[in-house]
Amino acid sequence: MQAEPSQLEPSSPIPSAVEPKTLSLPPLVSSILRSLFTLLIALWMGALVMWVSGKDPLQAYQALLTTSLGSRTAVANSLLAATPILFTAMAAAVAFRAGIFNVGAEGSLYLGGFAAAWVGFTFTDLPAWLIIPLSFLAAGLVGGLWCYFPAVLRSRLQVDELVTTILLNYVAILFTEYLVNGPFLVPGVANAMSPQIAPAARLPRLLPPSQLNASFLLALAAALAMIYLMTRSKLGYEIRMVGDNPQFARWSGIQVAGVIEKVMVIGGILGGLAGAGQVMGVHYRFIAGFSSGLAFTGMTVALLVRNSPVGALLAALLFGMLRSGSATMEIMTDVPRDLIRVLEATIIFFAAIEFGSLVWRRRRER
Amino acid sequence: MSYLLMQSITKTFPGVIANDEVDLSVERGSIHALLGENGAGKSTLMRILYGMYIPDHGRILLNEQEIRIPNPRAAIRLGIGMVHQEFQLVPSLTVAENIALGYEPRRNGLVDRKTQRLQIEEILARFGFSLPLDKPIAELPVGIQQQVEIIKLLFRKAELLILDEPTSVLTPQEVESLFKVLQTLREQGKTIIYITHKLREVKILCETATILRRGKVVGRVKVADASEKELANLMVGEQVIDQVFPRSQGVGQERLTLKEVSALDDRGVPALKNVSFSLRAGEIVGIAGVQGSGQSELVEAISGLRPVKGEIWLNGRRITRASPRRRREIGLAVIPEKRKEQGLNLSTHILENVVSTRYYKPPFSGWLTLFTRPAERFAARVIAEYNVAAPGVKSMVKNLSGGNQQKVIAGREMIDQPEVLIAAYPTRGLDVGAAQFVREAMVKRRDQGGAILLISADLDELFAVSDRLLILYEGRIVAEKRPDETAFEEVGLYMTGHLHAG
Amino acid sequence: MNADTLANILFASLRVMTPLLLAALAGLISQRVNLLNIALEGLMLFGAFFAVVFGAQFGSPWTGLLFSILLTTLITLIYAVAVVELRANLIVAGLAINTLAVGLTSYLLVVMFNARGAYSPAGLVSLPKLSIPLLADAPVLGKILSGHGVLVYLSWILAGLTSLFLYRMPAGIHLRAVGERPEAAETAGINLKAVQYLALLLGGVLCALAGAQLAIGDLTIFNNNMINGRGFIALAAVFFGAGKPGLTAVGCFVFGLFEILQFRLQTSTSIPPQLPQMLPYLIVVLTLTGISLQKALRKKRISV
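Protein chains in written order, with numbering that gives the first Met the number 0: chain U, 0 to 365; chain X, 0 to 501; chain L, 0 to 303.
Worth flagging that the hints you see were computed from the coordinates, not collected in a lab. As the structure is a prediction and not an experimental result, all values here were calculated from the model. Warning: the hint list may mix true and false statements.
[As the list claims (entries may be wrong)] Cβ pair distances, simulated, as ranges:
| no. | chain 1 | residue 1 | chain 2 | residue 2 | range |
| --- | --- | --- | --- | --- | --- |
| 1 | L | Ala-241 | X | Arg-317 | 41 to 47 Å |
| 2 | L | Lys-294 | U | Leu-216 | 43 to 49 Å |
| 3 | L | Leu-153 | U | Phe-122 | 53 to 59 Å |
We put the beta carbon where it would ideally sit given N, CA and C, even for glycine.
Let's have the full structure, built from the sequences with the hints guiding it.
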């Protein structure tokens, strides 16, 4: 076995190797191809699981497609399911572009959701035009603040942000559960949920009878804002430079720690808004444990499309489809909806391998 | 007949010939110095001997037998051991565990601690060492750790010991005791190859020396027969005067001033010690020194990327604690040492690389938004004025040649005529034309009144371009010279620690 | 509180600490080779699932245990190949394993048993309990230490073996060397990859045991929510114990005691259970912060 020079020679006189000449596609095309390839592998893994367990994959995927896009209501339900994923996917994608793994949006989603609910059931006299923005504002603030802690730990002390955000998610989930079981317990209701929000705080529905509501529009707007942020803004430029090469950014005078804090707080705000959307548009109250890993799905989306914010928008819609279609698929074809999780796991797994070398290099630089 | 013979060893890395037909021969029971600047190819040669690299071609003979060394374990089997600059010790393991690591005597699946202890104590007794065997390494001073490293090699039955700049981390007292240890080893018949660039140590310790420069053997001497001057000359080479640029036409006011600046390197070892100097408008000051004398830390300290003690003044303002961006706003520009890691973002195109130091202000951006048009115009200007051979402003930087990459950086840093420019190894690895272009650009900037600090490993370049030379040795400025009034070899003696100021 | 209540509490604490201890040993071994193993959670879930499914299939909890070990280790192997060979990002790959565990077990539960979320096969008995001779008759102590399931005792033995392995066996010393100074280990001729595989696969076996203890140790039930953060609590215990087996076991016991006290508090007082439940997670975050802070301060101290 020959030792690898790069590992053993920290201060070697060897310049990093001359780049091998590769066939280079335009970056956009190659990133789309890569995403599609990963998606295909995931679908193939899903098919394999179904085939082994005696199900018909083609039939299942067909059912998935028709139930998620087959009718007006089906489309509306897909968009409904896509709404929180849009938020969390953007949260993960923005962070990811800066080389940061942030799943803190899950915790922000809970805390932000609760904050929105609190505004909704406390200030019941306010008119809709005031209480709705106020609820979203509270949710965004709380969500952003929640992610600020792991952000500072990461930017100032190099504490791994993925680990801390995963752990703090548990804390946020337990804390909100405590809130609705303790201080905000509704007498007479057995389940862990807050009081209902004021009718004025409910978001209008877009395509009844579907529960699709105005928070979808907010999610879309947020996604477009993020696309603008990433491609056209100063902060977006900083994020991209930090993500590509933090050393270069530092030498150029970009404040790397600040950029890291900003992307994580943005992720928290988006998570908070997602939670508020679910509370004000779907449940009309805060219910303990309502998210079921939406931020992880967002992370999956971000990992799938890598660095493309437009791709994140499209993939989030796709995952909304999968989520909403899978419930009906289960009824129509006997294929459990948990299959979607297997697809997600496959995507994350492949992303882990693909990014392994990249992130590995980056973490050594710290 | 030689104990070790390495013949025509050649090792190339992409773009660099690290060892070019190198021969080395070492007598049994001697201490042989391998002399050269960093980057001369000493470490590569020794890594080949220790099985960490495989040479492209060449033969190695040990005891007149041709041998192949595919990995370190094979080297150990052949009786070759190496003490690296960074000690290969595990902090939480005890001294005994570290010494026996990988070669533990076993009994019933467990480490046989008793036998292990006996074996080590026997070696300690034979070579007159005494070590606290049950203490964890982390609790011991560096000098003792180094002794542990040496005992580790002896435990593995090494006959040939390679020491890579062993004194660089030691206090003077520790150096003394190391020398005693090495002399004892020699008396016991061990053979030692001693890598260094410190001539004093060679004179004290070694019988013979091989001198490497730029991957080639440039001399093989009996140390007793050679003066330090000769050795220094061999190390740094003769002056090749290709073109000396006209000197400064007169200097202006102080632009950059360092007062008693000290800084640590990444390991926490002092790298800059009370460095003071000033740089004035209209002059190029060159920093000469063997690599690793504190140059990187100096550049980082001035750029704001490394905390320092002391004071740094830029254009009359104290910037000791100012952020890198703030320093740039007051007139600093930096060509960093590592082109691909620090100077460029290889994942994107020229445009995004040249705006990295100014994107945040008009005309490149408004309150939130980046404007494309001014950035495009600016990038096009850099490409035109700095002769970057690239199809357009959106060309990926990683597809450019090294010279053109460096021109992109030089353009970014110099096109706005900064009052102070720090240029770290700006021509390293460039072809002659590109290097000349960069030098001319610096001279031109100086003639317009810029103040330039040039850090270079190339003495020819420093002599050709600088108006003044500062010589850095082990983190101190040991001399200031004017290139026109100074002999090449004199600078070499300062660089290798032979001459001291005053 | 009388002696009986105390004995009951301690007995129960020892029982609930067992899966934590087994998972913590897995985490500890990985930690010592510098691989932060967040896949513990998912591997335990797999372990529990296979134990119940194959136990029910063959009508014996022992077969369940055997298959659990084999198959969980197989899944760990996939994880290990990705991490060691393909240089996958350790934490993202761990996340994938955890997601896969929830997805695949839930899916298979529906497909195989038409059960959503939970499955309790009829006729499967749990692993046997051991009554320790002599000790069982001792007053109080007998009530605390005797009568546990086999895996409880096995976990104690394994804790001891882990300690022996790490400090006295060559492979264990090599493992610690690789974790602390990979270059030093490499120049001593130690095979880095082999050591990393060893650590992760041992972890897989331990996670299988941990899952099996939850699934067929006392009851015979699988629930796709049954791990409930135990993988992370186990990591908390590892941090709490600073990577030492003895202290880590103490940490697991403390968390176990916590869990039991919390059950009791829930019935007797009004302290909400969520607040103490948050503690282990906060402990890990604080420990990680402390470690980094220490590093930063050390750097600062020498620079000023």
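A quick look at each hint next to the structure:
no.: 1; hint: L:Ala-241 <-> X:Arg-317: 41 to 47 Å; verdict: 44 Å, holds
no.: 2; hint: L:Lys-294 <-> U:Leu-216: 43 to 49 Å; verdict: 46 Å, holds
no.: 3; hint: L:Leu-153 <-> U:Phe-122: 53 to 59 Å; verdict: 58 Å, holds
Figure legend: structure checked against the earlier numbered hints; every hint is met.
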